[in-house]
Amino acid sequence: MGEFFTLSVLVATAASAIRLATPYLLASLGETVGQRSGVLNLGVDGVMLLSAFFSYWTVLETGNLWLAVLVGLVVGLVMGLLYGVITVFLNATQGISGIGIFIFGLGLSDLLFRQLVGTPKPVRRLPNVDIPLLSDIPHLGEALFQRNLLTYLAFLLVPVTALLLTRTTFGLNIRSVGDNPQAADSLGVSVERTRFVAILIGNSMAGLAGAALVLQLGIFQPNLTQGLGFIAVALVYFGAWRPIGVMGGALLYGFVNATVLQWKALGIIPVSGSDLANMAPAVLTILALIVVARRVHAPSALTKPFTRH
Amino acid sequence: MIKGVLGALVPLLAALAAFAFGAMMLVTLGASPLAGLDAMLDGAFGSGSRIAATAVKATPLILVGAGITIAFRTSVINIGGEGQIIAGALLSTVVALSFPNLPAFILVPLVLLSGAVGGGILGAVPGALKAYASVNEILSTIMLNLVMVQFMNFLLRGPLIDPFELEAGTRIPQTQRLSDNATLPTLLDGTRLHIGVPVAICAAVGAYLILWRTPTGFRLRAVGYSPEAARAAGISVKRNITLAMTLSGSLGGIAGAILVFGSEGQRMVTDGSAAGFTGSAGFNGIVAALFGGLHPLWTIPSAMLFGALLTGATQLQRVLQVPAALAVALNGIIVIFVISSTPVRGWLQRSLADSGLFNRSSDTAGMD
Amino acid sequence: MKRQWRLGPAVLVILGALALVGTACGDDDAPASGSGEGGALRVAIVAPSASDDLAFSQSMVDSVHAIERDVELSVTDGTFIIEDAAAAIRGYAEDGNDVVIAHGTQFGASLIEIAPAFPDVTFMWGTASDTQGLANVFAYSPAADEGGYVNGSIAAALTKTGVIGVVGPIEAGDAVAYINGFKAGALAGGASEVNVTYTGSFGDVALAAEAAEAHLANDVDVLTGTAQMVVGAVGVAADAGVPWFGTQANQTSLAPSLVVASQVYHWEVVLEEMLTLRDSGVLGGQAFEVNLANGGLVIEFNDAYELPAGVRDAADAMIEGITNGTVSTG
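Protein chains in written order, with the working numbering: chain A, 1 to 309; chain B, 1 to 368; chain C, 1 to 330.
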């Protein structure tokens, strides 16, 4: 146990937690924006898989990481267009359309990978970028400020999303169409347009999350996400629809995972208890929510299609 | 009449459009779409034993779907089907391992019942957490799915592992062969049609009867319709939310028991993932339930449809040698197309209604 | 509450239409039996992961291609769902294949039910060390501990810190054999510590990558791992400049400058034996093992990685020792 509390191991654990948390955070923040507007998207995992594949393929073909990030974003945007048309303009049931998107993304990304790539080939990974001055802080700098740009972006998006939702007219519109679309409509806010844009933002961020996942790993495999997108949806509830809370959830999940891996490496967790230890992130997430349990109100119109009467 | 024709025609056209999309994908892969369709249909319905296989594949979807109906009608979103299936399977496996010598007419009902208990417990937990600790059920059910996979791996690798596997050093994470007395009896010789199929259909009918023919069901639906109104009427919202999740989970648990005791292998095996055991029935069951309009009885044909797609997909891959992922993508497209078509249909119907051709009957309420 | 949409009747119509067409065209099913075109041997593989996964599934597909016979091969891969795999195995037997390879330990339970129904078909099942008493099932398994031992001993010669890291999926099947062999070899070779992490998943690449990172933080300077999710860990090793040892298939392409050696399964050695037996009318009932001695396990060195002087010779001597039984991997 003592070995764990050495500075270098703690720094490595923190760095690992932040890497693990990055895709969760990006996807959860996007889902937060969507849910605040009243749209549940269970298809995050499918969107992430597609964007992860296309990002990977872009690096494989061009070697350009930033183009790959852009491609991930655009794939998310395109999936957002699709999901927006289905749920906002066709008023289809959200839960099931999301699952449809998930299954579609799961199958198509696998198929494309098999056809266009085949055997997993490694590509360049996102390089770590030191933030001047901050990265020189002993230990802390190494853990927090020597990460890749998508990680910085993910954490930067926490206050940005919070400000967007609470301090801008558009954010006000998002929340109003999520809580009371009829009233918003009568006040002249276009429910359809607001939700559509919120979906585009949310899916683009899911796209970024897919790009972050694959570019941090430098390799793609069928079903690369392993249900990561669903956990990201769960973390929105953990964070009670607030970006800062979502960040807390993503970090908690990442930290517990990283700690378990570190303890396994150190032999603190014996091999026989390996499976039980693997339950820790999920169990602790539930327990944490019980402890901080408070009555939070979901956006009232969540999952409810809007029809003007 | 026009409404009825439209009602079936629009989703049918959507399904055709989805299949057309699939055909295009087959062409891209250099395979003949007609051969593809033929292979899928042949795989799903080509012979008595294949129809039986389709029905067996649909069985867990019917059960999970019926359970989803109960939960969703009570306004609880149960995404924990995967975990509940595993919980039911594990408990029923433990029971079968503990009492291998009970006669079949006791052991078979007993393992199904223990499946229901196992799944029920795993449903009750997120139900109670939602009711009494305000923990959102989407979060808790997704997390409990992850927990159950690892718990399954732990049990099948440790306490429940076939002693032979340890002896031989092969360490396959599986139980020993379970008692023949626990095997679900087959109904038709030469096919895999076992009593799990009628059990699932009865369970779906039971779910329907509970929801619409009993005071309990009335209370559940009242809570789903409006918790405030239910509370005002003296109905305990908390207790009914817990009950709904428990019932929902127990149906998933029965599916788990059926997956074990109706399987070819007659034992529980893990490949380390949830889907390896459940075949993603916990998710596909949600799709089946929603396709069935959250009505337990319509869930039956809906689950059969997806069972057919899944068994057809296996044949498609085998005959045409195209990646299985194609069938997965196709399933997703079918869901997206058909689900998007319903509002179109409603819109068409409304336009017709506005033109005074017929009066639209008021539809029952539900939630997504 | 909003309008409830009703798909039920439509679903019924779709289902009915499909079933009608399906049953109608059901009987044109070719009840093919015996050999394929031009007398080729018809072989089918059912594998749990992708056939080009650079790991377990690929090893079998490559091996069947390596058989020196006229083979007509069908592959159903990615069937990690055990029930679907069982359906595919049964389907291939029904289609009249001569040999059906159930390439997954977890498919064995299903074979007990399927194999007796097709007495003319030879089933091959692995990794498995016995045939479960079935007359038309051949079992195959790798002595993965042997290659693990060799890899481990080379790893011990390369480590400077004396600490070696292993990334595994779940503690089961042949992953255990390889890892235990590796551990024994490394410790016998003078490594002070071998840390093993089982991530709990065969598919979670991100978790495998972070498991490798965790090892690196704990003074590990040589890594190995098994199962298809290790592609994530190889990337980490490559970026950190840490040597990697592969198993199941040749993983050199994942890190061309840092993969030292891979233990590769050459199933064709035992496949040929099984097929010869089949030719003589023995359809199954025996278990086979690929090992260093029969050439079914091969340590494929990566020439681009320059081993220190003497290490390669020591490794070759060790392979020789295991082959002639003078070195024990236990």
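Do not rely on the hints blindly, as some may be mistaken.
Said to hold, decoys possible - With a Cα cut of at most 20 Å, we get these calculated SDA-like pairs of lysine to any residue:
1) B/K238 with A/K121
2) A/K121 with C/S253
3) A/K121 with C/A304
4) A/K121 with C/Y305
5) C/K160 with C/S253
Said to hold, decoys possible - Over the 10 Å line for every Cβ pair with chain A, so calculated as not near, a few chain B residues:
6) S32
7) G48
8) I77
9) S179
10) S236
11) G332
If you're looking for bench data, these hints aren't it; they were derived computationally from the structure.
Small disclaimer: the values here were computed from a predicted structure and weren't measured.
Where is the CB? At the ideal position from N, CA and C, for every residue including glycine.
Results for each hint:
Our distance criterion of 20 Å between C-alpha atoms is broken by B/K238 and A/K121, whose separation comes to about 52 Å. A threshold of 20 Å between alpha carbons decides the hint, and for A/K121 with C/S253 the separation of about 7 Å falls inside it, so the pair holds. With a C-alpha separation of about 18 Å, the suggested pairing of A/K121 with C/A304 holds against the 20 Å cut-off. Restraint check for A/K121 and C/Y305: satisfied, since their Cα atoms lie roughly 19 Å apart, inside the 20 Å limit.
For the hint pairing C/K160 with C/S253, the CA-to-CA distance comes to about 25 Å; that exceeds 20 Å, so the pair is violated. The non-interface label for B/S32 is consistent with chain A: the shortest C-beta to C-beta separation is roughly 17 Å, beyond 10 Å. The beta carbon of B/G48 sits about 29 Å from the closest Cβ of chain A, which is more than 10 Å, so the claim that it is off the interface holds. The non-interface label for B/I77 is inconsistent with chain A: the shortest C-beta to C-beta separation is roughly 7 Å, within 10 Å.
With a cut of 10 Å on Cβ distances, B/S179 stays outside the contact zone with chain A, its closest approach being about 26 Å. Every C-beta of chain A lies more than 10 Å from that of B/S236, the closest at about 18 Å, which supports listing it as non-interface. Not every CB of chain A is more than 10 Å from the CB of B/G332 (nearest about 3 Å), against its label as outside the interface.
When each numbered hint is compared with the structure, violations occur for hints 1, 5, 8 and 11.
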